[in-house]
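S.K.: One letter stands for each residue in the lines below.
Protein chains: 2
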Amino acid sequence: MPAKNAFYAQSGGVSAVINASACGLIETARNNRGKIGKVYAGRNGIIGALREDLIDTSKESKAAIHGLLTTPAGAFGSCRHKLKSLEENRAEYERLIEVFQAHNIGYFFYNGGGDSADTCLKVSQLSESMGYPLQAIHIPKTIDNDLPLTDTCPGFGSVAKYVAISTREAAMDVASMCETSTKVFILEVMGRHAGWIAAASGLAAEHDGDAPHIILFPEVAFNRTRFLARVKRTVKRHGYCVIVASEGAQHADGTFLADSGVTDAFGHHQLGGLAPSLADMVKSELGYKYHWAVADYLQRSARHIASKTDVEQAYAVGKAAVEFALEGKNGVMPCIMRGKSKRYSWHIGEASLKDVANREKKMPRNFISRDGFGITEAAREYLAPLINGEAYPEYRNGLPLYTRLKLEPVPRKLKTAFKV
Amino acid sequence: MPAKNAFYAQSGGVSAVINASACGLIETARNNRGKIGKVYAGRNGIIGALREDLIDTSKESKAAIHGLLTTPAGAFGSCRHKLKSLEENRAEYERLIEVFQAHNIGYFFYNGGGDSADTCLKVSQLSESMGYPLQAIHIPKTIDNDLPLTDTCPGFGSVAKYVAISTREAAMDVASMCETSTKVFILEVMGRHAGWIAAASGLAAEHDGDAPHIILFPEVAFNRTRFLARVKRTVKRHGYCVIVASEGAQHADGTFLADSGVTDAFGHHQLGGLAPSLADMVKSELGYKYHWAVADYLQRSARHIASKTDVEQAYAVGKAAVEFALEGKNGVMPCIMRGKSKRYSWHIGEASLKDVANREKKMPRNFISRDGFGITEAAREYLAPLINGEAYPEYRNGLPLYTRLKLEPVPRKLKTAFKV
Chain D
1 MPAKNAFYAQ SGGVSAVINA SACGLIETAR NNRGKIGKVY AGRNGIIGAL
51 REDLIDTSKE SKAAIHGLLT TPAGAFGSCR HKLKSLEENR AEYERLIEVF
101 QAHNIGYFFY NGGGDSADTC LKVSQLSESM GYPLQAIHIP KTIDNDLPLT
151 DTCPGFGSVA KYVAISTREA AMDVASMCET STKVFILEVM GRHAGWIAAA
201 SGLAAEHDGD APHIILFPEV AFNRTRFLAR VKRTVKRHGY CVIVASEGAQ
251 HADGTFLADS GVTDAFGHHQ LGGLAPSLAD MVKSELGYKY HWAVADYLQR
301 SARHIASKTD VEQAYAVGKA AVEFALEGKN GVMPCIMRGK SKRYSWHIGE
351 ASLKDVANRE KKMPRNFISR DGFGITEAAR EYLAPLINGE AYPEYRNGLP
401 LYTRLKLEPV PRKLKTAFKV
Chain W
1 MPAKNAFYAQ SGGVSAVINA SACGLIETAR NNRGKIGKVY AGRNGIIGAL
51 REDLIDTSKE SKAAIHGLLT TPAGAFGSCR HKLKSLEENR AEYERLIEVF
101 QAHNIGYFFY NGGGDSADTC LKVSQLSESM GYPLQAIHIP KTIDNDLPLT
151 DTCPGFGSVA KYVAISTREA AMDVASMCET STKVFILEVM GRHAGWIAAA
201 SGLAAEHDGD APHIILFPEV AFNRTRFLAR VKRTVKRHGY CVIVASEGAQ
251 HADGTFLADS GVTDAFGHHQ LGGLAPSLAD MVKSELGYKY HWAVADYLQR
301 SARHIASKTD VEQAYAVGKA AVEFALEGKN GVMPCIMRGK SKRYSWHIGE
351 ASLKDVANRE KKMPRNFISR DGFGITEAAR EYLAPLINGE AYPEYRNGLP
401 LYTRLKLEPV PRKLKTAFKV
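For the protein sequence lines, the chains are D and W, in the order given. When the letters of the first sequence are read in order and numbered with the UniProt record's numbering, they come out as residues 1 to 420. When the letters of the second sequence are read in order and numbered with the UniProt record's numbering, they come out as residues 1 to 420.
Please note that a few of the clues may not be correct.
A pair counts as met if it fits within one copy or between any two copies, since identical chains are not told apart.
[To be verified] Below are the DMTMM-like pairs computed for lysine to aspartate or glutamate, each with C-alpha atoms no more than 20 Å apart in a straight line:
no.	residue 1	residue 2
1	Lys308	Glu394
2	Lys283	Asp259
3	Lys84	Asp115
4	Lys406	Asp210
5	Lys406	Glu179
6	Lys340	Glu377
7	Lys406	Glu206
8	Lys236	Glu285
9	Lys308	Glu390
10	Lys406	Asp208
11	Lys82	Glu179
12	Lys289	Asp259
13	Lys419	Glu179
14	Lys354	Glu128
Since the hints were made in silico from the structure, they are not lab data. Source: prediction; values computed, not measured.
With the hints as extra help, turn the sequences into a complete structure.
M.R.: Structure, rendered in structure tokens:
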């Protein structure tokens with residue numbers, strides 16, 4: 001009987017290094033031919049499985065697969081689609097089994113965040129609940145850094161590095177202009193529920209007075225008076241003020257600052273964005289000239305300045321997923337475990353998906369300084385190693401040479417279509 | 001008699017490579033001790049001269065000065081301060097001469113854009129108009145790429161590279177998510193009067209269908225109907241649409257799109273930003289899920305991914321400025337001249353400031369595609385060499401190691417203060 005094939009899918013928001021996990025997984029599977037068959041990737045994530053729209057990764061050259069190590073975003077396509085519980089949507093699970101059976105799939109690798117871990121857990125239970133033998137392994141990925149048990153989530157370190165570098169660079173720009181021009185600069189970064197990414201900007205500061213001068217976390221209720229007083233004091237003291245604001249910054253009542261209450265000419269509610277709202281507040285209350293930036297997707301796709309540590313960890317969890325599968329494991333997730341000594345080290349550990357699914361890791365309160373506007377030494381110690389090292393892609397004509405896969409479809413075997 | 005000292009100042013908006021010009025200038029001056037004395041930098045540009053607030057660059061170590069080659073923003077501080085004409089503000093010119101005389105300054109190096117070239121021209125005429133012997137040399141710098149006679153302006157190539165890379169990376173993110181999530185992504189870039197920077201994003205596209213799918217130039221009057229039709233067609237055809245918009249994009253009547261007409265809860269006029277305005281238009285008319293980013297200062301300070309060509313040219317114009325001065329020249333600017341052969345080459349040329357001041361170089365109309373939404377082959381040929389090569393800074397602890405100068409003041413010699 002031929003070795004069982006594997007299904008691999010990317011899920012949720014992509015990152016600069018999710019393809020590095022794909023690279024680790026596919027290369028390791030290829031090194032274990034005989035024990036594991038082909039790796040079929042879902043086109044656009046789990047939707048690809050439901051639609052029987054599979055990509056045959058065995059058709060890709062060795063160089064193309066290796067190129068995934070330095071290629072951002074989701075090479076096979078990702079999706080935001082959460083499987084409901086077996087009771088709520090049995091049809092989807094039956095369809096998955098039908099597709100897996102048709103393609104002799106015995107391994108299910110799911111590369112995503114918290115929601116995906118939940119899906120992966122449900123799939124890992126199909127052997128028991130529906131009698132289809134399948135091993136499901138979850139591969140951690142999220143720039144939000146909110147998965148429990150793993151020390152960090154692949155994807156986060158690279159965003160952290162991008163945000164720290166961008167903060168340092170933009171702050172130098174403002175510092176050199178502030179005598180006659182811009183005095184306040186606001187950078188809006190991702191993080192709707194937790195301030196991990198905003199916290200990383202704090203690494204840009206090495207000396208007293210360095211930017212960022214104010215970080216706004218979702219964890220700390222925004223206080224307009226205190227905020228404006230701090231901006232004013234910082235400008236008086238240093239000549240300028242750099243603010244890094246998490247998109248999830250919120251008022252004491254839990255409403256987002258980004259929700260500015262502004263309506264446009266048509267009476268539509270305007271999302272507006274946090275950065276321009278804060279800028280407007282600074283301008284109207286303090287009169288300072290401002291500039292603002294919103295990094296948005298630029299921050300999570302910035303493979304050109306990815307963290308080497310992050311890339312290596314992303315590759316390692318992809319590799320470990322295959323190794324776990326070959327050891328007969330099911331319903332688990334490889335984790336990044338931090339060594340206990342002062343000098344940073346890490347190794348791969350293992351977590352049960354039951355302990356991962358639907359649990360969110362919050363930023364420890366002792367990572368935020370007492371005044372609520374900065375990070376502590378504890379935060380710096382945790383964050384600093386995660387952005388360490390550069391892992392530059394190759395360039396051609398001044399631009400990064402990112403892999404383009406052929407993405408050849410696996411011939412369909414089922415007659416029925418499935419509407420997702 | 002001791003060799004005359006030099007005054008150097010950075011002017012206007014800073015860039016990722018203006019310090020590379022400072023590096024070229026100071027290193028070349030140091031190599032010509034005996035012929036040229038000390039280099040005194042104006043703290044915060046020309047204001048430093050008016051206030052007699054000079055920085056003694058001879059106090060900086062060789063390593064610190066060389067570090068300027070890889071350090072963004074203005075190490076000595078810049079300013080937005082345009083000298084009026086001699087007739088309008090004779091006091092400022094008299095003050096300059098007073099300061100220069102007190103510090104034995106015989107060379108005036110001014111590193112800036114169009115307005116600065118005008119100031120430098122006026123200063124170059126002081127020998128004649130006010131009998132003070134001075135040689136004034138302008139060093140080109142502007143991310144806007146709008147100085148005449150020079151093939152390109154140091155600073156532009158690095159912004160161009162940043163924007164092209166960011167467009168490519170963010171587009172890959174959108175492409176992998178578009179099946180179930182974001183379909184339209186808008187990146188707002190700098191360029192209030194000309195679309196040079198927006199045009200550079202076009203380099204991200206190598207194959208048919210590649211992003212950016214739509215570029216909005218200030219040179220092309222915005223047409224809402226045509227724009228929305230193109231967005232819709234692109235989403236239908238490719239599944240997603242990436243738009244790069246110049247902040248200067250405008251309606252046929254010359255009003256900026258960014259000027260959205262939105263007012264906030266207090267009735268204040270909201271600047272709003274172009275990207276969110278376009279996003280709102282796409283959402284309300286076409287219903288697509290969108291994301292937007294505003295790169296702002298991030299683009300012009302991104303030394304971490306500067307163009308090697310740009311860095312080399314920035315250094316070369318700083319070096320050439322000193323050489324011109326030592327050849328006895330006055331009222332000139334070193335230029336980048338492009339070689340005539342197909343393979344890109346460049347060398348330093350010379351322009352008279354009379355031909356540079358108050359003239360703006362527009363983007364040639366044949367650089368914009370007939371439909372107004374993209375760039376032509378002529379534009380690609382012009383732009384591509386400017387982003388070529390990487391010139392990475394050193395890193396420590398995962399962050400670029402940027403030079404911090406001591407910035408020691410030159411002891412004041414004048415009793416009078418001067419209010420700027």
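S.K.: Taking each numbered hint in turn, which are not upheld by the structure, reported in ascending numerical order?
M.R.: Of the numbered hints, all hold.
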